[in-house]
Amino acid sequence: MPSLLELEGIAKRFGPVAALQDVSFDLRAGEIHALAGENGAGKSTTMRIVDGIIQPDAGQIRIDGKPVRIRSPLEAQALGIGFVHQEIALCPDVSVAENIFMAATAASRAPLMNFAGMERKARAALAELTDVDPGAKVGSLSISNQQLVEIAKALALDARILILDEPTSALTEAETRKLFAIVHRLKAKGLGIIHITHRMAEIFDHCDRVTVFRDGRYIDCLQVDGTTPEQVVNRMVGRTISKLYPPKLNRAAGRPLIEVEGLCDTHLLDDISFTLREGEILGIGGLIGAGRSELAKAVCGLGPRRAGRIRLDGQDVSIPDFATALDHGVVYVSEDRKAEGLFLDLSIRSNVSALRLGQVSTRLGLIDRSAEEAQAQRLGKKLRLKAASMANPPSVLSGGNQQKVALARMFSVNPRVVFLDEPTRGVDVGAKSEIHIILRDLARSGVGVIVISSELPELIGLADRILVLHEGRLSGEIGPDRMTEEAIIALASGLKPPVAAQKLEGTEQ
Amino acid sequence: MTETSLGQATEKRDIVRGSDGAMKRLLGMREMGLLCIILLVCVVMSLASPYFLTWSNFRTIFLSFSVEGIVVIGMTMLLIVGGLDLSVGAVVCFAMVVAGKLFLLGINPWLASAGGVASAAAIGAAMGVFVVKVGLSHFIASLAAMVIVRGACLLVTQGTPLSLFTLPPEFKFVGQGSIGGVPLVVIIFLVLAVVFDFLLRRATRFRAIFYTGSNERAAEYSGIRTKRVIFWVTVLCSTLAGLSGVIFMARFGSATPQFGVGMELNVIAAAVIGGASLKGGQGSIFGAVLGVALLSLVTSSLILLDVSVYLQDMIKGFILLAAVSFDHLMSKRAGREG
Ligand SMILES: Nc1ncnc2c1ncn2[C@@H]1O[C@H](COP(=O)(O)OP(=O)(O)OP(=O)(O)O)[C@@H](O)[C@H]1O
Ligand SMILES: [Mg+2]
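Residue numbers (our numbering), protein chains in the order written: chain A, 1 to 509; chain B, 1001 to 1338.
Each hint should be verified, as a subset may be incorrect.
Here are the simulated DMTMM-like cross-link-like pairs (lysine to aspartate or glutamate), alpha carbons at most 20 Å apart as the crow flies [unchecked claim]:
1) B:K1316 x B:D1306
2) B:K1279 x A:D441
3) B:K1279 x A:E340
4) A:K178 x A:E128
5) B:K1316 x B:E1031
6) A:K386 x A:E87
7) B:K1227 x A:E75
8) A:K381 x A:E434
9) A:K187 x A:D158
Computed from the model, here is a short list of chain A residues facing chain B with C-beta under 8 Å [claimed, not checked]:
10) P67
11) L74
12) A89
13) C91
14) V94
15) T105
16) S108
17) S361
18) G365
19) L366
Note that these hints are calculated values from the structure, not bench results.
All C-beta atoms, glycine included, are put in the ideal place defined by N, C-alpha and C.
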């Protein structure tokens, strides 16, 4: 039986950059095939070729053994290819239902729209994923719900080949589970599914085979059974990396760096108090919509704040806006690098220098190009940023490398307290552990580090203490000795932590 | 147990997030708001002036915006697709001048008008090519077109108005006649408005205009030929401007090379008051019609009240500012609640 989809000898250059060289890949019907590789390895580029968004310079694509040319997403759809894009590609001014069935509308011969029928079908398509109103405008949804709409949109195509490019990076555990329930059902129906992810657990829990790319080349295709995560990571990075998290703080934390007391905002946050001490990394957990980002933004002067006091190094400060926050060395790094984190069309070096232009300016207030370049080079190297030139815009970088540019910006300010919102979203395993080490070093050097993460293992591995939010309130704090995924989930969903429950049982006996 | 409660908690949030039937109602709200303002102006004016509530006054007001309204229809669609056309005033004039010149050369006025509209469409097609193939922005392409076409109008007429009093009466009827007391131009405008409003809301082909304007990349990934959509809407906008030009010719029985100077700003203002966004993806014909109606209503009311011409322009500007700011604040608040 021929493979469902085969790629052979695919090559693609972007100007001087050889993004893909002699790449091959094969997908069978009824399998979930993981595609792994470091940031910039060429995973998304390969899939964009399969979807007809870009054209390969060389090589052949075969579907059911027959060579095909895919010149546009329209042709890809006709061939039964559905694609969940890494960067959400939805129309914000248009309803959820219309977004889901946009391809059907584009191909439809019916002269008139049937909105009622479309909303009904959309409700059914979304039922297993989320509860959003199909009539709502996509622009009003949270990122994770937009991601779910993007998934529902690809599912609605009735595709035979489903490509998922990091669909889970914006989802929490609960939503990820729902997604995989659907994916497994589609697999049983005989679809071929390509799943791109940086999370080893997803590969080993759900996938049948894994293909590894490195530096734009095909490296290996392994049966997941009988392979270890270390083997996959080795092929990805070509060297061994420790998957261990950097050692945690082994002494009592120092003096308080930032103290927040009774923080309220206008619609969600309610009476939140916490203290971050010198040397420790504070984690913030909670479900999507619990107010984690809102909390960080409110402290940094980026969101509305109704009540609350902030003390830095024991001194009361007022932070009415982000410019003041920066003056105090308080930085927020957004979870949404595209919309809030980066100037996608400016050069990488202007992005890095933007928060503190004074550092790279001459005395006359003119920007010193070479200082700017040097700063970008230095921070880029520190983060292992993979970019052809610092003069390129972030828009041509792979997703993970864009994230590194966002982090480089934070380092440019010499911060005192940093709020990192999903700092390793879309970052590959190697770079991720480097970022963890960097954050630990930062904490050790006396900078306050607060990390928001939806990935529970990361939160547990990295943080010395975890605050959990539930519907805008602080539902609990978890110390180093009680850190388990169950404890976080329980607090995040508003239940009592199991530890407390056990104590209760103990007293009853 | 944790699993289910986790799911429930997520769902609860999502219901809160997804509860924006409000957003949808808001779309209607823009139009409702405009209707209310129009009614309010009518009430105030009927108290202020005995002439206001007369059939002939309403006839004059409708006449004053109908032909320009045809241009607003095209401009609204172009704004929704994310474009902009600064050349409409010049194109209106060009269609008028070309049709007039052809008529003076002895060609049947209907054919001459078809020629005028076709020349307008050709200008739209040329702009479309520069936007879609060369990659210029609509602003630049239409700015250039505005200057070039205005020059062409002067060239064709040698700078003097064409006098077309020999136009046959059945042709002038298009611009000057009435059916059952209602001017034909008003009927033409209303029919076009209803047809395009319906198409834009309901027709499968026309939905692509919203998709492309809202996020061109997403539309393209969904299999929509966005470049074609942009091209054809650009052509449509110019074509409607051309149509409006020849109707103006029939109405005035002349073709002046300076006609329609500054019209583009009025037209854009009307569309924006009606809810179109310069960022694309938003707007409706119904709203734009109300927008153009409001602007004319205010102008004629100010004339009726003997307000200085200079003040009139300022007041129109403030109305634009107020309408757009109000809408912006309302949708911001709705967004926060939603
Ligand atoms: N339009 C473009 N212009 C220039 N270079 C590009 C363009 N698109 C991709 N590249 C380059 O091609 C390489 C592969 O990028 P790609 O997005 O495929 O990586 P990826 O494997 O998906 O990484 P990630 O895990 O970070 O998403 C990168 O080095 C990127 O900079
Ligand atoms: Mg990618």
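Going down the list of hints, with the structure as the test:
1. B:K1316 x B:D1306: Judged against 20 Å, a Cα distance of about 15 Å means the pair holds.
2. B:K1279 x A:D441: violated, 44 Å
3. B:K1279 x A:E340: holds, 18 Å
4. A:K178 x A:E128: Judged against 20 Å, a Cα distance of about 7 Å means the pair holds.
5. B:K1316 x B:E1031: holds, 18 Å
6. A:K386 x A:E87: holds, 19 Å
7. B:K1227 x A:E75: Status holds; Cα separation ~16 Å.
8. A:K381 x A:E434: holds, 12 Å
9. A:K187 x A:D158: holds, 13 Å
10. P67: Hint on P67 (chain A): violated, closest Cβ of chain B at ~22 Å, above 8 Å.
11. L74: For L74 (chain A), the interface hint holds, since the closest Cβ of chain B sits about 4 Å away, which is under 8 Å.
12. A89: Interface hint status for A89 (chain A): holds (4 Å vs cutoff 8 Å).
13. C91: At 4 Å from the nearest chain B Cβ, C91 (chain A) passes the 8 Å test, so the hint holds.
14. V94: Hint holds; V94 (chain A) Cβ to chain B Cβ min 5 Å, cut 8 Å.
15. T105: holds, 6 Å
16. S108: Interface hint status for S108 (chain A): holds (5 Å vs cutoff 8 Å).
17. S361: For S361 (chain A), the interface hint is violated, since the closest Cβ of chain B sits about 32 Å away, which is over 8 Å.
18. G365: violated, 31 Å
19. L366: Cβ of L366 (chain A) sits 30 Å from chain B, so the hint is violated.
Against the hints set out earlier in the document, violations occur for numbers 2, 10, 17, 18, 19.
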